[in-house]
Amino acid sequence: MKVATWNVNSLRARFDRLKGFLGRHAPDVVCLQETKLEDSAFPVQELAALGYESVFFGQRTYNGVAILAKETPSDVIKGFGDLADDPQCRFLAVRVGNLRIASLYVPNGGEVGSDKFLYKLSWMARWRAWLSARPADERPHLLCGDFNVAPEDRDVHDPVAWKDQVLCHPDERKALTAVREVGYEDVFRRHHDAAGLYSWWDYRMLGFPKNRGLRIDHVYARRDFAAASSSCLIDREERKGKLPSDHAPVLVELAAP
DNA sequence: ATGGTTGCTTAGCAA
0 MKVATWNVNS LRARFDRLKG FLGRHAPDVV CLQETKLEDS AFPVQELAAL GYESVFFGQR
60 TYNGVAILAK ETPSDVIKGF GDLADDPQCR FLAVRVGNLR IASLYVPNGG EVGSDKFLYK
120 LSWMARWRAW LSARPADERP HLLCGDFNVA PEDRDVHDPV AWKDQVLCHP DERKALTAVR
180 EVGYEDVFRR HHDAAGLYSW WDYRMLGFPK NRGLRIDHVY ARRDFAAASS SCLIDREERK
240 GKLPSDHAPV LVELAAP
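Counting from 0, one number per residue, gives the positions in the first sequence under numbering that gives the first Met the number 0.
Simulated from the structure, these hints should not be mistaken for lab results.
Please note that the accuracy of each hint is not assured.
Result set (DMTMM-like, lysine to aspartate or glutamate): computed pairs, CA atoms no more than 20 Å apart in a straight line [claimed, not checked]: (1) K209 / D152; (2) K115 / D170; (3) K69 / E45; (4) K241 / D15; (5) K162 / D152; (6) K69 / E252; (7) K1 / E52; (8) K1 / D114; (9) K1 / D163; (10) K209 / E236; (11) K239 / D15; (12) K1 / D157; (13) K115 / E70; (14) K173 / E151; (15) K209 / D245; (16) K241 / D201; (17) K69 / E151; (18) K115 / D85; (19) K18 / E52; (20) K1 / D27; (21) K18 / E45; (22) K1 / D201; (23) K1 / D170; (24) K173 / E184; (25) K18 / E236; (26) K162 / E151; (27) K173 / E110; (28) K162 / E110; (29) K77 / D15; (30) K18 / D245; (31) K239 / E184; (32) K18 / D234; (33) K115 / E184; (34) K77 / E110; (35) K77 / E151; (36) K69 / E52; (37) K1 / E184.
Values in this document were obtained by computation on a predicted structure and should not be read as measured data.
Given the sequences, and given the hints that come with them, work out the whole structure.
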């Protein structure tokens, strides 16, 4: 089966591009981030017409995650269900067939040391806690989304300029390592060693034409499931042309559990 | 240090 994740930076603004993407790749499951749509505005019918059922957890203007699937999703989980009183819609998990999968949008973090940065670190700790609190066989096989962290310097176009900056800061990388230590693996790095492979490029300053990007969109697989993946690709084509998102989709081919 | 671009919402914020 084929699974994709894509930060669309507004589903309203990107709907035509999403349609083209679904037509080209025919993924079985698609995780979306930054839908920026209230649930009442989610294009359920339009996606049903394309052969996809939708599960969504959104809000007006900001954030918002969704999962589209050819098969009917079940076991829907919205947010971490912890004691934090968090109005931001950033985590959604479902089951599609036997595959458990989460679509997540880690907070950007603003500036290092800011309130937003502290929120990012605390959100990542809550994410890790949510995972470790679940029985291992009930954890998502795949964690997909905009993690807003470049895990290593080879994921960064200019590691010197980005050193200790948000998206690359050691505290964020440690928080991400803690998630992997629950029992996850970066699927992309199972299949590619090279530097210079990115999933996000700033809209400004010709970021994409100059390939000044970061690899911050990831698919993490449960360690007992990672070997089921046969490929993982970043679809740079989707960053080209008219009205692209600033993120490219990540696609994984895998044997269904 | 600021600016640059896009989206949502309408001047300014978030990314």
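Has the given pair, K18 with D234, been kept, meaning a C-alpha gap of at most 20 Å?
holds (15 Å)
Measure nothing beyond the straight line between the CA atoms of K162 and E110; if it is 20 Å or shorter, mark the hint as holding.
Holds: K162 and E110 sit about 13 Å apart, inside 20 Å.
For K18 and D245, compute the direct alpha-carbon distance and say whether it is at most 20 Å.
Between K18 and D245 the Cα gap is close to 17 Å, so the pair holds against 20 Å.
Within a Cα-Cα threshold of 20 Å, do K162 and E151 meet the stated pairing?
Holds, at roughly 11 Å.
Under the criterion that the straight-line Cα-Cα distance not exceed 20 Å, is the pair K115, D85 satisfied?
holds (13 Å)
Check the hint pairing K115 with E184 against an upper bound of 20 Å on the C-alpha distance.
This hinted pair is violated, its Cα atoms lying about 27 Å apart.
Please work out if K77 and E151 have their alpha carbons no farther apart than 20 Å.
The hint is violated at about 30 Å.
Taken at face value, is the distance from the CA of D15 to the CA of K241 at most 20 Å?
Status holds; Cα separation ~10 Å.
Keeping to a limit of 20 Å between CA atoms, is the pair of K209 and D152 held or broken?
The given pair, whose Cα atoms are some 18 Å apart, holds under the 20 Å limit.
Sort out whether E45 lies within 20 Å of K18, counting only the CA atoms.
The given pair, whose Cα atoms are some 10 Å apart, holds under the 20 Å limit.
For K1 and D163, compute the direct alpha-carbon distance and say whether it is at most 20 Å.
violated (35 Å)
For a C-alpha distance cap of 20 Å, please report whether K18 and E52 respect it.
holds (14 Å)
Checked against the numbered hints above, the structure violates hints 8, 9, 12, 13, 17, 22, 23, 29, 31, 33, 34, 35; every other hint is satisfied.
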